[in-house]
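Just so you know, the protein sequences line up as chains A and B, in that order. For the first sequence, my numbering assigns the number 1 to the initial residue and increments by one for each residue that follows. For the second sequence, my numbering assigns the number 1 to the initial residue and increments by one for each residue that follows.
It is worth saying that the hints were derived from the structure and are not from the lab. Backbone N, C-alpha and C fix where the C-beta goes; we use that ideal spot for every residue, glycine too. Hints may be right or wrong, so weigh each one.
Where chain A lies over chain B, by a calculated footprint (3+ residues, C-beta under 8 angstroms) [what the hints assert, rightly or not]: (1) 73-82; (2) 193-205.
Here are the simulated EDC-like cross-link-like pairs (lysine to aspartate or glutamate), alpha carbons at most 20 angstroms apart as the crow flies [stated by the list, open to error]: (3) B:K227 to B:D263; (4) B:K225 to A:D35; (5) B:K225 to A:E74; (6) B:K225 to B:D263; (7) B:K285 to B:E251; (8) B:K44 to B:E203; (9) B:K44 to B:D156; (10) B:K227 to A:E56; (11) B:K8 to B:E237; (12) B:K285 to B:D143; (13) B:K225 to A:E65; (14) B:K104 to B:E70.
Take a look, some chain B residues computed to stay more than 12 angstroms from chain A by CB distance [what the hints assert, rightly or not]: (15) E40; (16) T67; (17) D92; (18) V102; (19) Q138; (20) R140; (21) A180; (22) F209; (23) E251; (24) H252; (25) R255; (26) H262.
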Amino acid sequence: MAGTNRSELELTEILRRILAERGRLSVPVSDVTDDADLYLAGMTSQSSAAVMLALEDTFEFEFPERMMRREVFESIAAMRGAVTELLGEVDAVSQP
Amino acid sequence: MNDTDARKQFLDQLFASGLFIPTGIAGFYGRSAEFESIVEGFSKLVDDFSRADGAERIFFPPLVPRTSLERTSYLESMPHLAGVIHSFRGDDRAHRALLDTVEKGGEWGEFLDMTDLALAPAACYPLYPTCAGTVGEQGRLVDLSAAYVFRCEPSDDPARLQMFRQREIVRIGTPGLVTAWRSLWLERGVELLRGLGLDATVEEAADPFFGRSGRMMAATQRQQKLKFEVQVPICSEQHPTAVTSFNYHREHFGRTFGIRAHDGTEAHTACLGFGVERIALALLKRHGLATRDWPSLVRAQLWS
């Protein structure tokens with residue numbers, strides 16, 4: 001699954017699924033827009049760390065220290081941007 | 001001399017002087033009356049600094065309900081430090097199997113069951129479940145005195161004990177009340193320690209969260225400046241030891257335990273903990289192992 005070309009829609013679906021499983025939001029994920037503040041929706045620093053691990057497992061990359069920041073996980077849109085950036089780096093590395 | 005050797009040397013000095021009494025388990029030592037007199041004197045000094053604040057005094061044994069570890073996600077953050085109390089609940093047959101295993105030197109822990117209790121991981125933990133409900137307009141200020149806490153980390157560093165005391169004060173209320181109180185103590189705490197001749201500095205810090213997710217939690221904790229420590233050199237100038245921490249929990253405990261501010265919102269909490277054994281060790285390192293020879297200015301503050 002790592003480094004494959006993936007549409008923004010697919011990515012968003014994956015993110016929403018992971019959020020539903022690990023984010024521990026106090027509202028259904030379907031009620032949360034892409035730009036909504038996930039911390040206001042109930043995500044804690046612990047559940048954001050769980051989401052981070054799930055993203056790493058799913059996409060087979062690691063978040064570097066510089067991206068272990070609150071704002072990287074603060075919305076679905078923010079996470080989508082971070083994942084896209086890291087997948088781009090994975091793609092660059094795995095080109096023969 | 002590297003840090004590890006310096007700490008081991010200090011520990012040996014503490015044993016030789018009788019201030020610490022070895023038990024065969026790293027991080028678990030008896031203390032002499034002289035050592036305890038430093039702890040008591042320091043605790044009295046904190047009383048002097050804080051008396052005018054009018055805190056409630058509550059005292060807990062060093063325990064928490066086991067469910068507190070579950071509800072606060074302690075097992076997610078720091079499972080490697082937890083201590084959960086187990087006991088034997090079996091019948092005669094299980095008893096014989098237990099004794100048989102003990103005799104053979106086997107893993108007899110499997111015959112024990114969890115109880116409802118765990119050792120307190122921090123001195124403020126026992127308080128929060130008892131605060132469920134709505135606090136008044138001025139919130140609550142609770143002084144838990146010097147309470148024992150447990151961290152499962154055996155070490156030859158005398159400043160890393162498995163069971164030690166935190167002189168703990170907790171503030172509960174609106175974010176404004178709580179952050180103002182923490183700021184007040186950030187200044188006061190440094191003043192108190194410097195007044196005893198200690199080279200104290202304040203640093204942003206993070207808890208020792210476990211594992212990879214722990215690195216993320218530590219990064220965000222630092223980013224939000226939730227934890228400050230006062231650091232004092234004990235066995236190392238390059239790596240001073242945290243002897244006091246000031247922790248802002250935002251709504252973590254308020255939400256978990258149903259504590260509400262007077263306006264109905266989730267209460268915020270903060271706590272400060274003086275590591276009294278570490279402070280005693282810092283004083284012994286700074287002023288010498290014989291307290292009768294300490295500067296009179298320090299002696300007067302601790303034992304007037």
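To see whether the hints hold, each was checked on the structure:
| no. | hint | in the structure |
| --- | --- | --- |
| 1 | 73-82 | holds (count 3) |
| 2 | 193-205 | violated (count 0) |
| 3 | B:K227 to B:D263 | 26 angstroms, violated |
| 4 | B:K225 to A:D35 | 25 angstroms, violated |
| 5 | B:K225 to A:E74 | 17 angstroms, holds |
| 6 | B:K225 to B:D263 | 25 angstroms, violated |
| 7 | B:K285 to B:E251 | 39 angstroms, violated |
| 8 | B:K44 to B:E203 | 25 angstroms, violated |
| 9 | B:K44 to B:D156 | 29 angstroms, violated |
| 10 | B:K227 to A:E56 | 27 angstroms, violated |
| 11 | B:K8 to B:E237 | 16 angstroms, holds |
| 12 | B:K285 to B:D143 | 28 angstroms, violated |
| 13 | B:K225 to A:E65 | 17 angstroms, holds |
| 14 | B:K104 to B:E70 | 34 angstroms, violated |
| 15 | E40 | 37 angstroms, holds |
| 16 | T67 | 17 angstroms, holds |
| 17 | D92 | 43 angstroms, holds |
| 18 | V102 | 38 angstroms, holds |
| 19 | Q138 | 27 angstroms, holds |
| 20 | R140 | 23 angstroms, holds |
| 21 | A180 | 23 angstroms, holds |
| 22 | F209 | 8 angstroms, violated |
| 23 | E251 | 9 angstroms, violated |
| 24 | H252 | 7 angstroms, violated |
| 25 | R255 | 9 angstroms, violated |
| 26 | H262 | 22 angstroms, holds |
Comparing the model with each earlier hint shows violations of hints 2, 3, 4, 6, 7, 8, 9, 10, 12, 14, 22, 23, 24, 25; every other hint is respected.
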